Amino acid sequence: MSRRERTWTSWLYVLPALLLLALFLVLPTLQTIWLSLHGGTGFSPTEYVGLQNYVQLLSNDSFFLNLSKWPPSGAMVNSFLWLVLFTSGTVGLGLLIAILADRVRYESIVKAVIFVPMVISATATSVIFRFVYSPDPTIGVVNAVLTRLVPGLEPVPWLGRVNLVNLALIGAGIWIWTGLAMTVLSAAYKSLDREVLEAASVDGASPWQTFWRITLPMMAAPIGVVSITMVINGLKMLDLVLVMTQGGPRNASRTIAFSMFWEVFNNSRAGYGSAVAVILLVLVAPIVVFQVRRFRAEQAGR
Amino acid sequence: MTPTRGSRPPGAGRRGVHPLRLLGQGVLHASLLGIALVWLVPSLGLFITSWRPPEAIAASGWWTALGEPAFTTGNYDQVLTAQGFGRSFVNSLLITVPSTALPVMLAALAGYAFAWLRFRGRDVIFLVIIALLIIPLEATWVPVLRMFNNPVGYFGLTGVPVLGRLDLRLTASFAGIWLAHTAYGLPFAIFLLRNFFAGLPRELFESAKIDGASNLMIFRRIALPLSVPAIASLTIFQFMWVWNDLMNALIFLQDPAKRPLTVSIQALIGSYGAEWHLLAAGAFVTMSVPLVVFFALQRYFVRGITAGAIKG
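Residue numbers (this note's numbering), protein chains in the order written: chain Z, 1 to 302; chain S, 1 to 312.
Hint data in this document are derived by calculation from the structure and do not stem from the laboratory. All of these numbers come straight from a predicted model, not from anything done at the bench. Watch out, some of these pointers could steer you wrong.
Covered by chain Z, according to a simulated footprint, are these stretches of chain S (three or more residues, beta-carbon under 8 angstroms) [as the list claims (entries may be wrong)]:
#1 104 to 114
#2 176 to 189
#3 202 to 212
#4 236 to 247
The beta carbon of each residue, even a glycine, is placed where N, CA and C say it ideally should be.
Construct all of the structure, not just a fragment, from the sequences and the given hints.
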């Protein structure tokens, strides 16, 4: 009797949370999938169009995916660029800083400086980088440095060029998120078995060999975890793009998440935008499966 | 090439200072300081610009400002009063405090249950929560906004006599965004606290059970006091996410008088995109609170992040 009673009261602990999760995450996601099969304008589209939105997005929307010209362009391509460059940039730099800073006395100061952008809002960061990238000679520090180093160089409008804008935005993204990668990887590096590293160096391995053959394989797991986090963040990138460029110039910096927001809230195409959201959902789904598996393996090992 | 003991660079080791090693040390320090400089300069530029009068900003770069100092508080005065950032600052607080307290409380209860109580489907539900950790919020915005715009209709209650005539639009009040932030913060919060609770020693709970303590008593007297560091980290993270959030406020708060700082900045860029003095001061106002929190509570950040706490 008392055991059954206890089981019943256990639900009271989780019920408020589960109710909110169902109402704000589970049900809306299912509704979005349903909405994505509808067309028309307005916020509550009713006209059922089947997979028409997806066909349109993937084959006939040059802002979303344009494979007819080389190089390919559109939000899908830009998000792929984010995924690759943003992930490798943050993880690579984070690892480099973690290992280098471990060797100096002012480690904590360097790490604090690198981490600070993590606590600033993407909105404030957007303002910061509108300054940094500005072609105005009294505002943009990048151009001020470049024009002084390279005589005769005209200031470059980094956010105004179709072929530069994505790289400039990804640069700002890396500036924000490297601190997170560094913090995790630094903790992992410090917990490595020092004797193995020292043995390698006694055996005559160069620092370079030690890094590639020993340090890196030993840190594969934390590097994997951080990379997954960065892949997710790269895929979902929205606020930085919205505030810094509004997807421009000439729609060149749209990402998948930006397209979703823009189609729904600017173009009033809720069904079309929902299809974009579902594509994003499908892209992160493998990561969900991977994370759940990883967690189950962890639990089994306990 | 044999320096005295005291002046030996760190890491020079027993083998003495080989010239190549000295060069390596030089490269090490130069690259670290170079990287730190790249990370510092953007914020520093914004900070200095925010204190310079508009004429000075137009005339020379902020990097020359230290040579010819002319600073003013005028930009801040203008942003806080004329541009309404004072009001937005209060709004940001009004949004952030409940949106932080609520999910932390709900997640503490749920995390405890997922770690130490038994009920049917517990482990499956927890796996679903891990999946929800990664779901893009983009996939929820439209239906949630429809719910907020017309809660009575959304739940099919239009026919109910009194309810049908009530105006319950949640986009016009803070209640909607409190609920949204709470729900969106829950997967991570539950995940973090459940893992922390699960790491506490089993004997604690078993001996309390034997002494006749109820689950609620164990939660309040044992689990909560022991998890203060984890709850502190979580509270700080949630506070930062909500304070720094732009998208949810943009979508779910449609009363301009209730704008938080992030939305005000975004609006300022739209209408005064070239007014650098206003943008700089405004951006720094939004940054001030997170910066103070970070420097005051730095150790909780590192602890929270390395506890396996990576938000998707």
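Tested hints:
1. As drawn, the stretch 104 to 114 of chain S meets chain Z at 7 residues by the rule of a beta-carbon pair under 8 angstroms; at three or more, the given contact holds.
2. Only when three residues or more bring their CB closer than 8 angstroms to a CB of chain Z does the claim for the stretch 176 to 189 of chain S stand; here the count is 7, and the claim holds.
3. Coverage of the stretch 202 to 212 of chain S by chain Z is violated [criterion: at least 3 residues with CB-CB distance below 8 angstroms; count 0].
4. Here's how the stretch 236 to 247 of chain S fares: 6 of its residues keep a CB closer than 8 angstroms to some CB of chain Z, so the rule of at least three is met and the hint holds.
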